[in-house]
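> What follows is each chain in one-letter form.
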Amino acid sequence: MHLAHYLGLLHRSQNELADAFRAVRRGHPREPDLHGVCERLAGQCSAHARRVEPFLRHYSDFAPEEPERLHAPLFAGARRGGFGLLRDLHDLYLLATVCDVSWGVVAQAAKGVRDEELLDVVRHCGPETTVHLRWLRTRIRQAAPQALVVVP
Amino acid sequence: MLDRIADPRGRRTPYGPPDAVERLAAALPGRMRDALPPVIRLGSPWPARVDVFLEDGVDEADVERWVPAASAAGSGGDGLEVAVRHGRIVGVRGRAGDRVGQGRLDPGERHGWQARAGRLTRPLVRDGDRLVETTWDDAMGRIVARSKELLARPGGWGRFGFHTGGRLFLEELYTLAVVGKAGIGTPHMDGDTRWHAATASAALAASFGSDGQPGTYADVDHCDALALWGHDAAAAHPVLWERMLDRRLGPAPPAMIAVDPRESPVTREADVHLAVRPGTNVALMNGLLHELIANGWYDAAYVDAHTLGFAELWRVVEAYPAKRAAEICAVPAGLVERAAEILGAAERLTSTVEGGFHRSNQATAAACQVNNLHLLRGMLGRPGGGVLQMGGPPSGRNALETGATGDLPGLRNWANAGHVRELARLWNVDTSAIPHWGPPSHAAQIFRYAEEGSIGLLWVCASDPVDAMPGLARVLAAEETFVVVQDLYLTETARVADVVLPAAAWGEKTGTVTGDDRTVHLCERAVDPPGEARPDLDILLDYARRMDLRDRQGGPLVGWAGPEQAFEAWKACSKGRPCDYTGITYDRLRGGGVQWPCTPGGSYGVERLYAGGRFATSAGRCQTYGHDLATGAEWGEERYTALAPGGRAFLLAADYEPSPEVAGDEYPLVLTTSRALRRFPTRLAPLGDRTREPVLEVHPGDAAALGIADGDLVRVESPLGALEARARLSGLRPGVVILPLGHADRGEAARAAAELTLTAWDPVSRQPLRTVAAVRVAKTAGAQEACPAAPALHGRLGAAGGEPGVTATARAPAEASERFEEV
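Residue numbers (our numbering), protein chains in the order written: chain A, 1 to 152; chain B, 153 to 975.
Calculated from the structure, these hints are not laboratory results. Each hint should be verified, as a subset may be incorrect.
[As the list claims (entries may be wrong)] Derived pair list, reagent style SDA-like, types lysine to any residue, alpha-carbon separation capped at 20 Å:
1) Lys-931(B) <-> Pro-892(B)
2) Lys-300(B) <-> Val-151(A)
3) Lys-300(B) <-> Tyr-93(A)
A quick note: this is a predicted structure, and the numbers were derived from the prediction, not measured.
Produce the complete structure using the sequences and hints provided.
Printed below as a string of structure tokens:
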């Protein structure tokens, strides 16, 4: 069964998202509001990845070969300036969407294999990912008009 | 007892609560109160005591005129009268019948009205690296030329930023809101309220749907329990504190709880003082809510009928029995239980919340938990059952209401298309003119845009952000940023401005101002402004005229010419909103303060909001669709309408999360800041001795461990910076050091404190949290050795390059508290 591959995708995406939140914070040090929130969300993403790990190991024993093009990189480092921040947040949104969809898919599979423990993890982490998406949307809406229309 | 009578604030006037009939009368709506027989006292039982502060050598008989005004000190907005003699202000006195202060004056008023040297009397413009005097025509001409040039560029609206402070009246703030939001169309309007009142406002809107204090100062008369959450009322709101103290000294005094890591007159007076570890307010509140719910000390019927979210609140606070909360907060569990018993047994509970909550870790979340407490107990909308989320200077309330900062005018919701249409109709402009395509920018974001160069004109009215924000001078001095400053004095911000406009002070112009409990006062012009200085309203109207701002039909966008007309225009804007001013007129205000909401008909405003548990949360009425308390993420209209709050309040739950700046091995102490009594935050005048030696309060136990004696010079270091201060052995808790900020947050000590601690923000209110930082402290010189004239200031770079070898770090706080608990 392919569950392990989706867990792998989720695990990797959460780690990537954690790194990306930190990279955006570091890449835009003068943005007054990014520091605390990015650090917090990065911490949650790392925790999500850690919680998925044991299940990933467990289900790997039953997994066939990894399907093709399982994973596609979405974020390649912070850009500069107001427009760069907007594009960075856009990338993070896509990355968070991968996580969000993955949680949904993993939840379905967990029900399918009657894995209550895995389902508990999804119930805890999934809503946090929803908040990540909400926050990114909020911050994108805040940044977009100025970045696109009011060029320095 | 002795120390209370020796209080420097004036004669005590102890009093007891009103009787049951009077309490019943106080709960009636305004119209019905008019019909009551005159034997029933409707005013406050708090005895009047008229304070008079006059210049030396002047007594009351010498005063030619007394002109009504309101206090600019604190956020109370007490009514007072300005004394005029020979065309000059020579002092102030309280107004006996004033519902806020009953004649008392904030000690800050003693000096607040005195004329000071250095007033600006002519406009200044930049000529290379200096400012030179010029005419109004030239100064305004330059601003207008720059404005038109910016507006003509793509995204012109986004090239303007406005930052306001405490000196502006409601009329001026509303005029500015119309100029900015409908004339220019910029979302970049904010001000000092972001530092003072943003969390109070955000917490009220989050819980109850709209900003506006549910309670009133008169609740202090009625209450049988008083809780001060992070509120050093003695320092921040001296008049309100006198009212509390007088109740405590009179018959049937209320029980009193104070939450504050520091010791103060308030905490010494309280029956229960919870000296929580800084940054742990949410854990304490969760513990108290846990006790209330677990013991059944809440109004289940009220909760059922008037709130949403009880199940989720219990799910969160269930994990905080008193014992666990006490461990997190480092206070005895018995004290938490005792506080919960008082809160649970109170029949009329009044709460005030201030900086200790609003500027600390999880600020909005913690403030919302106080709202939750009142919701659980049904302690809202009736005499004695009230909550006051206190904020900065009184006109800060007006800035929030009129939309000169943050949200849209009339506490409207920028994300509600209906609210935007209402404003467009009122102003007769296209809806597309009003910035509603994204959340309004907060102050730091505006300065960030200026730094990036996308904001080309920054207009600062009555505020000195350069003084408050390290590093801002460099940003504003940049060639591309045209800075306009409208002030009384040549402030730090004015020094980097391109145009400086001399403005009129309170007493030199007419307008209204609204205090924390929604009481509106009229301040009338008593004397003329000096030289060519002009009232702020005149300056803004002149700008609107010169910019030729027009409505859809080609009429003038700003159709008023004076304060009273501006007030009438504002009334139309406030109509039907929670802050309805339509029943208030200048004539009525001449008879004394009136609370909003006030509609025509009754002779009273509504004293307490949300009587009967009806809140401003319906989707068409609310000011916000809500945020995630931990990140500030917006929930959006869809989720909000799906919740169908329909007038029920939100019980918003939050888990405790440790501050990112908890003490550790390297920085073992926690630094908090406090303000001294004689502050004057509205910045009528530059106060404060800039070279005053900063003092650091150190607990005697910690001091012993560090080898520090009283009066020693010590160096305080955080991961961000360092400063030197004189040690004073006091302080309540081991492991906590306190830096009093002195006068009005100004001066080097305040700036250095900001350098040490400026890292965190509340994600919802965007209010900077400056009260906690992990630090280490070391002695640098003995008590006899002189302190440098100005405190040594080391910025981020200085600290990084500093040599830590001489630093003897204090022992870990846990160890310290075991050893020195009894000291």
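> So, for every hint listed, does it hold in this structure?
Results of checking the hints against the structure:
1. Lys-931(B) <-> Pro-892(B): holds, 19 Å
2. Lys-300(B) <-> Val-151(A): holds, 17 Å
3. Lys-300(B) <-> Tyr-93(A): violated, 38 Å
Hint violations for this structure: number 3 only, all remaining hints satisfied.
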